[in-house]
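Enquirer: If you're matching positions, the sequence shown starts at 2 in our numbering and goes up one per residue.
Don't read these hints as lab results, they were simulated from the structure. Hints should not be assumed to be uniformly reliable.
Claimed, not checked - Capping the alpha-carbon separation at 25 Å, the derived lysine to any residue pairs in SDA-like fashion look like this:
no., residue 1, residue 2
1, Lys159, Thr248
2, Lys262, Arg251
3, Lys89, Lys263
4, Lys89, Asp259
5, Lys89, Met71
6, Lys263, Tyr244
7, Lys89, Tyr171
8, Lys159, Leu75
9, Lys245, Pro114
10, Lys263, His253
11, Lys159, Leu169
12, Lys159, Val339
13, Lys159, Lys262
14, Lys159, Thr252
15, Lys159, Trp230
16, Lys245, Ile175
17, Lys89, Gly66
18, Lys89, Thr226
19, Lys159, Arg221
20, Lys159, Ile196
21, Lys245, Leu327
22, Lys159, Leu257
23, Lys245, Arg225
24, Lys159, Glu254
25, Lys159, Pro38
26, Lys263, Thr248
27, Lys89, Leu257
28, Lys245, Met256
29, Lys245, Pro356
30, Lys245, Arg255
31, Lys89, Pro38
32, Lys159, Arg251
33, Lys159, Gln195
34, Lys245, Ile360
35, Lys89, Leu294
To be verified - Distance ranges between label pairs, derived from CB positions:
no., residue 1, residue 2, range
36, Gln42, Leu358, 48 to 58 Å
37, Glu40, Arg361, 24 to 34 Å
38, Pro114, Thr226, 44 to 54 Å
39, Ile321, Gln42, 40 to 50 Å
40, Lys262, Phe76, 47 to 57 Å
Ideal Cβ placement from N, Cα and C applies to all residues, glycine included.
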Amino acid sequence: MYLSQDELTGPQPYASYLNDSSGDAGGAVLPLGHDYPAEYQHMVHAHWRGFREPPIYYRAGIYIGFCVLMFLNLFGNGLVIWIFSTSKSLRTPSNLLILNLAIFDLFMCTNMPHYLVNAALGYIAGGDLGCEIYALCGGISGMGASITNAFIAFDRYKTISNPIDGRLSYGQIILCIIFTWMWATPFSVLPLFQIWGRYLPEGFLTTCTFDYLTNTDETRLFVRTIFVWAYAIPMTMILISYYKLFTHVRTHERMLADQAKKMNVKSLSANVNNDSMSVELRIAKAALIIYMLFVLAWTPYSVVALIGCFGEQQLITPFISMLPMLACKSVSCLDPWVYATSHPKYRLELERRLPWLGIREKHVSSGPTGAQESVASVSGDTLAMSVQN
């Protein structure tokens, strides 16, 4: 089913790479994985043994970057979870999806301390079990966040296109949240028990992910399936939702403009600011940012996995394979600012509880009219968080 241990740690396919001794005194070049303990050597895929040990400044740079990302993740997502779970005005169905996203993003942070230990040691602390736990946390949080983003896009389309009757109920949102955890589980657990796929160290051999390098039909089928499951399906859902949202608002704005022209008035839309950008542009910009965050998070992983499985594996260097991991970690830190800090009521809570942050937000109406706001007065904030939930 998989390569034997002898094959896994056998001949180095790119050993010629090791012959380049430039910059090394005496011509001695240490191969990647040389400092792995003997009992952990079986974890190192033969592909990585063909590369030199990375320069110390590579490791130091990623180490410092991880420390910064861990702080931003804990601070940003911690604030979202604290504010949304303790503020009564924010306990709405739609906001439960934002809370769920913050939990997934915070879960992504759970393996960051493990990485810091791994980087200091030069190998995966805990061996096979440590590698599996590290990759399991990354798999659940990554796939869970991607499908949650898809549900957020769908919820915004429903809320803005039909703000009175189209809102999802508490029960529907709870089912969506349960579904996100169920969605994230199968392709995280199957490699854990090596039922289908497995987890192995990658890159500088201080992080772990699913095996995309072993040349077997089973591995190729697993990579194809997880690509569709974790990347293609959520991305398609996001694209469809925001396309329909943009089309709806554009049609509605044209209808209002035509009606205003017939009535010989400037505009029928409420709360129009002549100095602000058009509703179309606001929605297009916000939708583009949300979509690009998803693309930036998961496209690198998808490309590296597909090349490693179906393309020229020589292109997958240790440094190149580390970039997808950094992309996903970075986006998990950006999500709370994109999805939550544009929410007026959230900003009001931050202003009230943490005045030292320097946030200034206009007070929003909490009356019944706020909940019935029509698409005619959709603003950038309404798109970003379905403001009057």
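Enquirer: Need the list of violated hint numbers for this structure, in ascending order.
Expert: 3, 4, 5, 6, 8, 9, 13, 17, 18, 19, 20, 21, 23, 25, 27, 29, 31, 33, 34, 35, 37, 38 and 39
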